[in-house]
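**Student:** Mapping of the sequence shown onto this note's numbering: position 80 corresponds to residue 145, and the numbering continues sequentially without gaps.
Since the hints were made in silico from the structure, they are not lab data.
There's no promise every hint is true.
[Unchecked claim] Distance ranges between label pairs, derived from CB positions:
hint, residue 1, residue 2, range
1, 305, 222, 28 to 36 Å
2, 186, 378, 38 to 46 Å
3, 358, 70, 25 to 33 Å
4, 99, 190, 13 to 21 Å
5, 99, 250, 36 to 44 Å
6, 227, 377, 29 to 37 Å
7, 184, 67, 34 to 42 Å
8, 171, 87, 22 to 30 Å
9, 325, 296, 25 to 33 Å
10, 225, 70, 20 to 28 Å
11, 357, 161, 32 to 40 Å
12, 362, 232, 29 to 37 Å
13, 142, 201, 25 to 33 Å
14, 184, 296, 36 to 44 Å
[As the list claims (entries may be wrong)] No farther apart than 16 Å at their CA atoms in a straight line, the calculated lysine to aspartate or glutamate pairs in the EDC-like style are these:
hint, residue 1, residue 2
15, 293, 372
16, 258, 89
17, 134, 88
18, 293, 308
19, 258, 308
20, 258, 231
21, 323, 363
22, 134, 164
23, 293, 164
24, 134, 156
25, 323, 362
26, 134, 106
For clarity, every value in this text was computed on a predicted model and none was experimentally measured.
Beta carbons are placed, not taken as given, at the ideal position from N, Cα and C, and that holds for glycine.
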Amino acid sequence: MNRAKFREKVSGNYIALPTPFHDDFSLDLASLRRLVRRQIEAGYCTGNGVLLAGGAAGEFSVLDMDERKQLAQAVVEEAAGDISVVVGVQDTSTLRIQELAQFAQEIGADGIQISPPYYEPPTAEDYFELLQSVSDAADIPMIVYNTWWTGTGVSLEHEQIARLLEISNVGAVKWSASDHSTYESVLRDFAGKVPIVDNQLSEVWSHMLGAVGFTSHLPLAWPRWGLKLWQVLQSQDYVAATEMLSRFRIPYYRLFYKAYAYSGSEGHFDKAVLDLVGFPVGPPRPPGRTLPPSLCDEIRQMLIEADVPNVAGAEKGDGQQVSVG
66 MNRAKFREKV
76 SGNYIALPTP
86 FHDDFSLDLA
96 SLRRLVRRQI
106 EAGYCTGNGV
116 LLAGGAAGEF
126 SVLDMDERKQ
136 LAQAVVEEAA
146 GDISVVVGVQ
156 DTSTLRIQEL
166 AQFAQEIGAD
176 GIQISPPYYE
186 PPTAEDYFEL
196 LQSVSDAADI
206 PMIVYNTWWT
216 GTGVSLEHEQ
226 IARLLEISNV
236 GAVKWSASDH
246 STYESVLRDF
256 AGKVPIVDNQ
266 LSEVWSHMLG
276 AVGFTSHLPL
286 AWPRWGLKLW
296 QVLQSQDYVA
306 ATEMLSRFRI
316 PYYRLFYKAY
326 AYSGSEGHFD
336 KAVLDLVGFP
346 VGPPRPPGRT
356 LPPSLCDEIR
366 QMLIEADVPN
376 VAGAEKGDGQ
386 QVSVG
């Protein structure tokens with residue numbers, strides 16, 4: 066595949082969509098479609114953003130195969146080519162990963178996100194064989210996700226990244242590392258050869274080293290914030306970008322990790338945030354748990370202090386002071 070042409074497809078805010086549920090935990094595809102439209106209407110398009118359907122924050126692990134296909138198709142249809150869509154195909158089974166990859170290709174997704182299987186930790190050779198088999202099964206770009214912290218048994222290091230480039234459909238790497246030197250060396254040596262999406266919460270440093278984008282949950286709360294951050298990064302105004310991150314992203318993730326200590330779900334935090342800004346998408350699906358009111362109050366106060374607009378319960382003038390353009 067042409068990795069240079071794929072760069073624009075994964076540039077900017079790499080936005081992990083939550084999966085909306087009704088109160089009975091059935092899929093709420095109408096709300097999912099509204100969420101996609103909300104991002105597009107705010108100004109997201111291919112080049113400044115990409116939507117991830119069915120990632121960890123989309124609670125893929127509690128969805129069955131049919132549900133995963135339904136949500137992927139809904140996002141691709143609603144995006145209608147205006148913004149790139151990547152489908153999460155992580156699974157414990159190579160055969161199911163292949164099935165999801167083929168489905169993503171059939172519906173016209175721009176790429177798939179793939180990480181090592183979990184629970185039964187694979188060896189590095191298992192993982193490379195999986196990637197090659199998926200590349201053979203579906204002609205769709207793969208964004209290889211280095212999930213070293215999940216206990217999968219596989220962490221891509223410098224030499225493994227070089228080997229990845231030999232697999233024809235590897236289109237990009239969603240990159241994080243357990244130590245700073247490995248993180249930096251991969252960006253330095255490979256950012257010109259394969260598109261790299263930062264997943265290290267190092268948006269400024271990764272951009273300086275050639276990353277094409279960054280994992281971004283905050284545009285769900287405040288779509289225009291993410292657009293502004295990408296704009297200032299692209300203009301190389303790294304001081305302004307650092308100030309934006311200090312004011313919003315850093316306190317956001319401080320509470321995100323506090324929420325994760327309460328419940329292992331990755332969907333509950335974004336869902337709590339969306340509810341607080343007037344865009345409810347339902348509860349997380351068990352075993353994930355809805356966050357307690359006390360923590361939601363902390364999240365609400367964090368949003369107000371970051372000047373996020375339309376926060377429920379904000380006093381007149383709170384959360385409305387700073388325009389991000």
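**Student:** So, for every hint listed, does it hold in this structure?
**Tutor:** Hints and how they fare:
no., hint, verdict
1, 305 with 222: 28 to 36 Å, "34 Å, holds"
2, 186 with 378: 38 to 46 Å, "44 Å, holds"
3, 358 with 70: 25 to 33 Å, "48 Å, violated"
4, 99 with 190: 13 to 21 Å, "44 Å, violated"
5, 99 with 250: 36 to 44 Å, "42 Å, holds"
6, 227 with 377: 29 to 37 Å, "49 Å, violated"
7, 184 with 67: 34 to 42 Å, "35 Å, holds"
8, 171 with 87: 22 to 30 Å, "27 Å, holds"
9, 325 with 296: 25 to 33 Å, "30 Å, holds"
10, 225 with 70: 20 to 28 Å, "24 Å, holds"
11, 357 with 161: 32 to 40 Å, "34 Å, holds"
12, 362 with 232: 29 to 37 Å, "47 Å, violated"
13, 142 with 201: 25 to 33 Å, "27 Å, holds"
14, 184 with 296: 36 to 44 Å, "41 Å, holds"
15, 293 with 372, "14 Å, holds"
16, 258 with 89, "46 Å, violated"
17, 134 with 88, "21 Å, violated"
18, 293 with 308, "12 Å, holds"
19, 258 with 308, "30 Å, violated"
20, 258 with 231, "12 Å, holds"
21, 323 with 363, "10 Å, holds"
22, 134 with 164, "10 Å, holds"
23, 293 with 164, "37 Å, violated"
24, 134 with 156, "13 Å, holds"
25, 323 with 362, "13 Å, holds"
26, 134 with 106, "25 Å, violated"
In this structure, the earlier hints numbered 3, 4, 6, 12, 16, 17, 19, 23, 26 are contradicted, and the remaining ones agree with it.
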